[in-house]
Every structure is written in structure tokens, then in C-alpha cells.
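Undergrad: Just so you know, the protein sequences line up as chains A and B, in that order. Following my numbering, the numbering of the first sequence begins with 1 at its first residue and continues without gaps. Following my numbering, the numbering of the second sequence begins with 1 at its first residue and continues without gaps.
Don't read these hints as lab results, they were simulated from the structure. Computed from a predicted model, the values in this text were never measured in an experiment. Ideal placement from N, C-alpha and C gives every residue a C-beta, glycine not left out. Treat the hints with care, since some could be wrong.
Stated by the list, open to error - If you want the footprint, here are the derived chain A segments under chain B, 3+ residues with CB under 8 Å:
| id | region |
| --- | --- |
| 1 | 19-31 |
| 2 | 61-75 |
| 3 | 118-132 |
Stated by the list, open to error - Computed footprint of chain A on chain B, listed as stretches where at least three residues anywhere in the stretch have a Cβ under 8 Å from a Cβ of chain A:
| id | region |
| --- | --- |
| 4 | 36-43 |
| 5 | 65-75 |
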Amino acid sequence: MSSGINGRKAMTMNLTGLAFGIMFGAVLGASNLHEYDTIHAMLAFEELDVFFFMGSAILVSAPLLWLLERRGLSTPLGGKLTLSRSMPEKHHLKGGALFGIGWAIAGTCPAPTLVMISSGAWLGLISLPGIFLGLHLREREQKRSLEKLVSVVEDQSAGV
Amino acid sequence: MFDVLPERLPWFVGGPVLGLLIVGLFVVANQPLGASGAYVQTSGLFRRREGVVIWRVWYFVGLFLGGVLATQVLRDPAGFRSGYDALRDVFPLAVTVPLVFGGATLLGYGAAVAGGCTSGHGMCGTAQRSPASMAVTATFMVTAIATTFFLSLVTGGAL
Chain A
1 MSSGINGRKA MTMNLTGLAF GIMFGAVLGA SNLHEYDTIH AMLAFEELDV
51 FFFMGSAILV SAPLLWLLER RGLSTPLGGK LTLSRSMPEK HHLKGGALFG
101 IGWAIAGTCP APTLVMISSG AWLGLISLPG IFLGLHLRER EQKRSLEKLV
151 SVVEDQSAGV
Chain B
1 MFDVLPERLP WFVGGPVLGL LIVGLFVVAN QPLGASGAYV QTSGLFRRRE
51 GVVIWRVWYF VGLFLGGVLA TQVLRDPAGF RSGYDALRDV FPLAVTVPLV
101 FGGATLLGYG AAVAGGCTSG HGMCGTAQRS PASMAVTATF MVTAIATTFF
151 LSLVTGGAL
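Can you build the whole structure from these sequences, using the hints too?
TA: If you want it as C-alpha cells, here you go:
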């Protein structure tokens with residue numbers, strides 16, 4: 001069992017996660033992003049607020065993160081601030097494309113789905129297990145391709 | 001309960017506040033504010049996997065509680081309802097339910113393949129100036145807009 005400084009640090013991280021979840025969830029709820037109608041109106045270009053919402057969030061955070069990284073900020077719970085930058089690969093485009101189709105049909109995405117449920121909209125309880133199933137299907141697929149790879153390697157080494 | 005929130009927080013308040021939250025989690029813990037990772041960890045916990053990142057589960061619970069705060073406490077609750085008003089105006093429930101479930105499954109699968117969703121790639125990744133996140137974001141925006149257009153087409157403009 002973890003105890004002492006490590007245990008306290010883990011608990012601080014847990015409470016940090018809880019606090020940021022509450023704040024993020026509250027902003028989504030206050031902005032009505034948990035409503036299918038809001039997301040649908042955005043994607044149909046009937047109302048551009050959500051584009052502006054996302055854009056202004058990025059416009060505020062990107063320069064600040066750039067500045068803090070350049071200054072070599074040391075974070076209390078996660079060491080030195082390191083932003084992750086990676087180059088696009090095929091799976092990014094494939095995943096993004098499927099995600100977009102699902103997002104448009106279900107009119108929700110992972111974070112707003114939880115707010116949808118807390119707002120009392122019961123169809124959120126249909127969306128939630130759907131998201132879990134989708135994540136699970138991918139996990140199973142990866143596990144299988146890994147097993148296949150291992151068996152191929154084993155066959156080859158058995159043939160030698 | 002208190003009804004202090006406006007009917008809808010304007011984007012020029014909500015967006016910048018969310019931007020500061022993104023920066024905040026990086027400043028405190030050097031972590032992105034992505035939601036699909038929280039789903040992965042939460043399902044890992046229920047399936048008793050090893051190496052579950054517990055704070056992501058707390059974050060998952062927090063998202064739900066934050067929703068309660070905004071929609072039930074700080075605003076007069078909308079009450080128990082189905083949601084999806086615009087979709088239900090067009091389709092009967094027997095179509096709406098599988099549509100929502102199928103769409104959610106697709107977006108969950110897509111998020112897992114892409115390694116993130118609207119929050120992880122769309123906002124946090126783009127804010128980190130990650131080319132991969134920008135590619136994911138551009139891709140899902142295009143397919144989502146195209147899908148919405150297609151849905152409008154097949155419903156004769158009803159949706």
C-alpha cells in the first residue's frame with residue numbers, strides 16, 4: 001500500500017482530477033454543450049457559438065502553454081512542464097474520421113455525455129455504454145493483433 | 001436550485017474559462033484535460049485491470065458532478081426528460097435509441113483509434129501545437145459536418 005509522501009501526493013492528484021472534472025463539467029453544462037441540439041446546430045452551421053467556444057479556449061491556452069513551457073515551468077505534481085507534440089499517422093486520420101461521424105450522429109462526445117446524464121436526459125444513458133463499447137472494441141482488436149503477431153513470431157522461431 | 005446561471009453561458013465567457021482550465025491542469029500536474037482517457041481508466045477499474053490511473057477515475061466522477069452543479073444546482077433543473085429534442089422531433093424513439101447507441105459506439109471506437117477526442121485532441125492537443133492533434137481535429141470536423149449534411153439530406157431537411 002502506498003503511504004507517506006507518495007500516498008499524500010497520489011491523494012492530491014486525485015482531488016486535483018476531481019476538481020478539474022467538476023470545473024470542466026460545470027463549464028460544459030453552463031454552455032449547454034450537453035444538449036444534442038447545441039452540437040447539431042453547430043455542425044449544421046445554424047449557430048457558430050461552439051466553434052467560437054472551442055476556438056477561444058485554444059486561443060487562450062495555446063500562447064500561455066507556449067510561454068510556460070519556454071520558461072521551463074516546474075509543476076508541483078507532474079515534474080517539468082512538457083507539451084507533447086507528435087506527427088500525424090494513419091490511425092489519427094482513421095480514428096478522427098470515425099469519431100466525427102459518431103459525434104455528428106450521437107450529438108455528443110465523452111465529456112458532455114456525463115453532463116447530459118447529470119442534467120436528467122435519460123438518452124445519455126444510451127450514449128454512455130455506447131462509448132464504453134466502442135473503446136472496448138478497439139482494445140480487443142489491438143489485443144488480438146498483438147496475439148497474432150506473437151504467434152507469427154513464435155511460428156517463425158519454431159521453424160528455425 | 002439557485003438559478004444564478006444564465007440560460008446559456010456566452011461562448012466568450014465559457015471558452016476562455018475552459019482555456020484557463022486547460023492551462024491550469026498542465027500547470028498543476030503536467031496533464032491534458034482529455035475525457036476519453038478517463039473513460040478508459042474507469043472501465044479498467046471496473047474490470048479490475050492493473051495499472052489503472054486512479055486520478056482519471058476521480059476526474060470522470062468530477063465531470064458528472066460538475067454537470068450536476070451547473071444543470072441542477074446553479075440553474076433551475078430541466079427535470080427528467082429524454083434529451084435529443086431535435087432528433088426526436090424527426091425520428092420515433094425506436095429509431096433514436098439505436099441511432100444514439102450506434103453513434104456513441106462509433107465515436108468511442110474512433111476516439112480510441114485516434115488516441116483522444118474533442119477535448120484531448122481537439123482542444124488540449126491543438127493548444128499544445130501538436131500536428132497529430134490538429135490533423136485529428138481537422139478530420140473529425142470535416143466528417144462531422146459532412147455527416148450532419150447527409151442526415152439533413154436524407155431527412156428532407158427535417159434534421
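Undergrad: Please go over all the hints and tell whether each is borne out by the structure.
TA: Tested hints:
With 13 residues carrying a beta carbon less than 8 Å from a beta carbon of chain B, the region 19-31 of chain A meets the three-residue requirement, and the given coverage holds. For the region 61-75 of chain A, the stated coverage by chain B is satisfied: 8 residues place a CB nearer than 8 Å to a CB of that chain, which reaches the threshold of 3. With 14 residues bearing a CB less than 8 Å from a CB of chain B, the region 118-132 of chain A meets the requirement of three and the coverage assertion stands. For the region 36-43 of chain B, the stated coverage by chain A holds: 5 residues have a C-beta nearer than 8 Å to a C-beta of that chain, and at least 3 were required.
For the region 65-75 of chain B, the stated coverage by chain A holds: 10 residues have a C-beta nearer than 8 Å to a C-beta of that chain, and at least 3 were required.
Violated hints for the displayed structure: none, as all numbered hints are satisfied.
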